[in-house]
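Chemist: Residues per chain, in single letters:
Number of protein chains: 4
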Amino acid sequence: MTINIGVIGTGAIGEDHARRITETLAGGQIVAVTDVNMEQARSVVERLGLQAEVYANGLELIAAPNVDAVLVCSWGPTHEEFVLAAIAAGKYVFCEKPLAVTAEGCLNIVKAEVAAGKRLVQVGFMRRYDKGYQQLKQSIDNNDIGAPLMLHCAHRNPTVPDRYVTSMAIVDTAIHELDALRWLLDDDYKTMQVVYPRRTKNAFEHLADPQILLIETLKGVRIDLEIFVNCQYGYDIQCSVVGEEGIANLPEPQSLLMRKGAKLYNDVLMDWKDRFIESYDIELQDFIRGCEKDAIGGPSSWDGYAAAVAADAAVTAQESGQVEPVVMVDRPAFYN
Amino acid sequence: MTINIGVIGTGAIGEDHARRITETLAGGQIVAVTDVNMEQARSVVERLGLQAEVYANGLELIAAPNVDAVLVCSWGPTHEEFVLAAIAAGKYVFCEKPLAVTAEGCLNIVKAEVAAGKRLVQVGFMRRYDKGYQQLKQSIDNNDIGAPLMLHCAHRNPTVPDRYVTSMAIVDTAIHELDALRWLLDDDYKTMQVVYPRRTKNAFEHLADPQILLIETLKGVRIDLEIFVNCQYGYDIQCSVVGEEGIANLPEPQSLLMRKGAKLYNDVLMDWKDRFIESYDIELQDFIRGCEKDAIGGPSSWDGYAAAVAADAAVTAQESGQVEPVVMVDRPAFYN
Amino acid sequence: MTINIGVIGTGAIGEDHARRITETLAGGQIVAVTDVNMEQARSVVERLGLQAEVYANGLELIAAPNVDAVLVCSWGPTHEEFVLAAIAAGKYVFCEKPLAVTAEGCLNIVKAEVAAGKRLVQVGFMRRYDKGYQQLKQSIDNNDIGAPLMLHCAHRNPTVPDRYVTSMAIVDTAIHELDALRWLLDDDYKTMQVVYPRRTKNAFEHLADPQILLIETLKGVRIDLEIFVNCQYGYDIQCSVVGEEGIANLPEPQSLLMRKGAKLYNDVLMDWKDRFIESYDIELQDFIRGCEKDAIGGPSSWDGYAAAVAADAAVTAQESGQVEPVVMVDRPAFYN
Amino acid sequence: MTINIGVIGTGAIGEDHARRITETLAGGQIVAVTDVNMEQARSVVERLGLQAEVYANGLELIAAPNVDAVLVCSWGPTHEEFVLAAIAAGKYVFCEKPLAVTAEGCLNIVKAEVAAGKRLVQVGFMRRYDKGYQQLKQSIDNNDIGAPLMLHCAHRNPTVPDRYVTSMAIVDTAIHELDALRWLLDDDYKTMQVVYPRRTKNAFEHLADPQILLIETLKGVRIDLEIFVNCQYGYDIQCSVVGEEGIANLPEPQSLLMRKGAKLYNDVLMDWKDRFIESYDIELQDFIRGCEKDAIGGPSSWDGYAAAVAADAAVTAQESGQVEPVVMVDRPAFYN
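Residue numbers (the numbering used here), protein chains in the order written: chain C, 150 to 485; chain L, 150 to 485; chain S, 150 to 485; chain Z, 150 to 485.
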């Protein structure tokens, strides 16, 4: 059984997903594409040698009878409409981050999916599919380190461009941890606080960099997340889980141990694209298998909503300097 | 384009390959299987839900018109016959180790492939597809450490069963390094010597364990390979390449860094099956792509022959206690 | 030239210091001892084979004409009196932590020393003499990592006894960091905040464990210090300095890298006494040299005062749950 | 009790030892010095502020009544005479490497010491006092890794000067391992073999670099020792002991773990003088204590002889290309 997939939005990430479904993964094929730039969509079809129809827009693509599942890779503000349309059509939909640009938009999707009565949506939080995070979750779930009490995390980029502003430290950068840490701990957030260390001289003046996001969870776990997007030295993701009996640390990306030039070293990645590249393969393979078995797993609409609410509270905390509550609606039993 | 694949030998490794082609890899499907135990072959078809015909024997499977490519996963002594038959039929063939049980048998295959005028055979030396070895080769080829001068290697297993005898340290264990190190260095072996350290008390009495294989290559690189198959503590593969400007070490398998029980530690694998598991996916995906593009790559018949000659010399060295020459026929230009 | 030293308080630490001056260090000899338990003082003289007079009390010992320098190793509440007496006598004095049990007491000593017009006091903050901390300070001072922006620290003990109460996390445990981090950064503290993660089940009920001390310095550096005194797995001191250009981490204590029992590991210390054992030698050797050269260095009375003020603010923050200011008197020019 | 020490040879190492006895160690003082360059001897006395007489030659210094113990730090060929004279005078003598420039000379000293009836001589093999080697020996003696079966060692220097010739790889470089490994294993050598890998382009033409020294011990342990004195990247000493139950590795020198410039690294030392600097303190302190207690320990005359015999066999093996036996006289019971 092959899943027939349509791709809405054939920019960088959309083309990449189309390529991996075609060349790397089992069980899926691209049968339909669309993009606001039709020329771009056509060139992807040609470049990848797809047997795929080019549709005028996302809604037509979703409606196409031979499309079993949809990938939403278009501009963020369009996600909500396309995901709702896919749900209405009873089709599986994989939606890149964000699920919707507001928590309210995410909640609309949650409600539609609950009304549809089955999981149709998977959100593109790929970190959950990273082997290191998988090992970390496994270790916590195995009770290797007892109950988690504290997390010390860092999200560091070598540099960011001029257009990056202070709130993006939350909505573009920390958003990955905001999803991954809930999942890792099987917990939800209670409060968010942001403190601002001395600014690095290596950031543009309009940007507060670094920042520290201080989180308390419902279970009482305390998380400190350093967000440092002009750290110069590398793209570096750290996560250390301190439990009652021991500590588990996210592995470093695998690399050669070198002895050279008066140093004993491993290379550190400089480009974020290299860090979770395999996770994209694994998450999409998981989506295709979910379609095959009519049992979509992975990050849900509810997770998309939770991340959006957490990000809203963190942005508020950035501005207020206060400890801000994270307030969610009750979780539908559907997502338990 | 989908490559139609037949599997000869549906034991552990054959079934595993069938499963990964069906569930994990892109571009191939299993259309034919056979096994000396027909019942076993049928049960694999059922277990994996294959649309595959069960053939009475390997030669019939090779002859089947809808079979584009063949995987030879049967008992070692049958490999030569099936590979030669596949070459005769002009079909791509992926052959598990060993290519043939004698160097002469390997040479027969080399000659047949040369006569056929194109690469049809890929041998299942999966280590070349391991990401760590790939990084190591890349580093050497980039000249990061200058010309390689020495290699310090180890191949360690926690334990081996009673049936494991001294020569198996070469033909079953070191054989992986005998292939991988030639490839890593783009070099060939000149001599082999084996020295026997004090025996571990943890080996069965008939077995000399550990052993050290000392190799000189044509370019003058000196390799020491510790083979220790009852080392107790783990399945551990080490490879340190000492070059003129620095040293590159094969990465450890990725695992959590833990602090627990008075130790700062990473787990060491205990089961060899876990160590190169991803490499099997990558080598078979490479084979399928090679079939698609009519350009088979990876370990060749010549590499299978070279490994067999090296192993023969090493076994002779085990018995003689002397430095033994490694003597190969001239390499056909075909393999350059 | 040999410095004649008197020891006030010959309990565990006092006897240890007497032993190292006698057996390990150059340039000093113990000529006088005293203890509230005279019998104990006499037994130390005998055990170490000292040529030392046993005095009835600390004031008599300080007054003895042949005593050049005094070590104050008695019960904390007695420190202030003895240090003031030594200053009055114009004698060098090495005082174990705390310099005095209140910030006010420390300030009395500061004023007395300023009035005396020369450095006479060295405080026993031994971490500054640890080779790892020395390397870390050197690296910061070399500007290897640019300006420090954040510190992520941890102070972990395997367990603590029943008598350990919540405030001791500051006054007995974090006190070491409160001194060392000021010195490391050449900075002073602005505010202190304490947050309480979920309690470990492994602490006695009256104790909040772990705690996180959040500090802001005058230069804007943000410090998070995890204090976890029942962490079970080891005595573990972590300090990671995040600068504008890179990160420097305090080294782990040196130990064998082992491969054994399915683990690749280094042992973690279980007893705090082993961690900074060499630092005691180095700090006391530095004191003796300071006496010889009439140029006492190392942690000063002012540093003792600063640590006391910081600890007071942190204890207040433990109780208030608020961000508490750290308020010090102006630093006498004497200490610049 | 203070040991009165005379130093024969006040060049670099002699002056250094005089300095550490004066400024760093307990229990000794320099009362006499001599050097072939009298002016040099006088300048050391002045530079270090010693209360020491300058003697015309070593024999006069040894004869001086107030000299309890002698340090022989003069030119190698003079060692034998001075050590024999010290033994004849019944004085303790610490002799820098080599004990004598021939095995026969060493044996003369052994015989003289046996005749004297007590240990008087300690040889300056400082590696035994290195904390890392101490930990390694402790671990072996604790039976942490079971019986040792193999050692993988390396001795690497960044570069060596033009005057360094092939045999110096044994007599100046590997000599340290030749002593340390006997001690580590509590074993003796049976055979030596040298193999020559491809030469590095970074060595002067007259020098074979690197070399591998292959050793078999009486207990059957196999040692491979890479000697690479133009490795460029650092001064790097490796020692990995493979035992029946696990592996123990000599620790790396302690240094900061850094994240900077796309690397996660520790610095590697470039100057051999930094590597074992603390060991010199510890070995001399041990000598002084040995004098105090009339119980000299550490490397003995017999160890000096054993290292000389091993080096002779290794140099023969360099030249012959063969496996060469290591033949020692019977060990006097005195040294058990």
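These are calculated hints, taken from the structure and not from any lab test. Take these hints with a grain of salt, some might be off.
Each pair may be met inside one copy or between any two copies, as identical chains are not told apart.
Stated by the list, open to error - Only pairs whose alpha carbons sit at most 16 angstroms apart, straight line, appear in this in silico EDC-like list of lysine to aspartate or glutamate: (1) K412 / E394; (2) K350 / D337; (3) K240 / D217; (4) K350 / E394; (5) K280 / E427; (6) K267 / E441; (7) K339 / E394; (8) K442 / E172; (9) K412 / D293; (10) K368 / D430; (11) K280 / D423; (12) K280 / E401; (13) K368 / D461; (14) K350 / E401; (15) K422 / D443; (16) K260 / D435; (17) K350 / D430; (18) K240 / E209; (19) K412 / E401; (20) K280 / D416.
Chemist: Determine for every hint whether it applies to the structure shown.
Modeler: How the hints compare with the structure:
{"no.": "1", "hint": "K412 / E394", "in the structure": "between (34 angstroms within a copy, 12 angstroms between copies)"}
{"no.": "2", "hint": "K350 / D337", "in the structure": "neither (35 angstroms within a copy, 21 angstroms between copies)"}
{"no.": "3", "hint": "K240 / D217", "in the structure": "within (6 angstroms within a copy, 35 angstroms between copies)"}
{"no.": "4", "hint": "K350 / E394", "in the structure": "between (40 angstroms within a copy, 10 angstroms between copies)"}
{"no.": "5", "hint": "K280 / E427", "in the structure": "both (9 angstroms within a copy, 12 angstroms between copies)"}
{"no.": "6", "hint": "K267 / E441", "in the structure": "within (15 angstroms within a copy, 39 angstroms between copies)"}
{"no.": "7", "hint": "K339 / E394", "in the structure": "neither (24 angstroms within a copy, 34 angstroms between copies)"}
{"no.": "8", "hint": "K442 / E172", "in the structure": "between (22 angstroms within a copy, 13 angstroms between copies)"}
{"no.": "9", "hint": "K412 / D293", "in the structure": "between (34 angstroms within a copy, 14 angstroms between copies)"}
{"no.": "10", "hint": "K368 / D430", "in the structure": "neither (33 angstroms within a copy, 40 angstroms between copies)"}
{"no.": "11", "hint": "K280 / D423", "in the structure": "both (14 angstroms within a copy, 14 angstroms between copies)"}
{"no.": "12", "hint": "K280 / E401", "in the structure": "both (11 angstroms within a copy, 15 angstroms between copies)"}
{"no.": "13", "hint": "K368 / D461", "in the structure": "neither (21 angstroms within a copy, 30 angstroms between copies)"}
{"no.": "14", "hint": "K350 / E401", "in the structure": "neither (27 angstroms within a copy, 30 angstroms between copies)"}
{"no.": "15", "hint": "K422 / D443", "in the structure": "neither (31 angstroms within a copy, 31 angstroms between copies)"}
{"no.": "16", "hint": "K260 / D435", "in the structure": "neither (24 angstroms within a copy, 44 angstroms between copies)"}
{"no.": "17", "hint": "K350 / D430", "in the structure": "neither (38 angstroms within a copy, 40 angstroms between copies)"}
{"no.": "18", "hint": "K240 / E209", "in the structure": "within (13 angstroms within a copy, 44 angstroms between copies)"}
{"no.": "19", "hint": "K412 / E401", "in the structure": "between (18 angstroms within a copy, 12 angstroms between copies)"}
{"no.": "20", "hint": "K280 / D416", "in the structure": "between (19 angstroms within a copy, 15 angstroms between copies)"}
Violation of the numbered hints given earlier is confined to hints 2, 7, 10, 13, 14, 15, 16 and 17; the remaining hints are satisfied by the structure.
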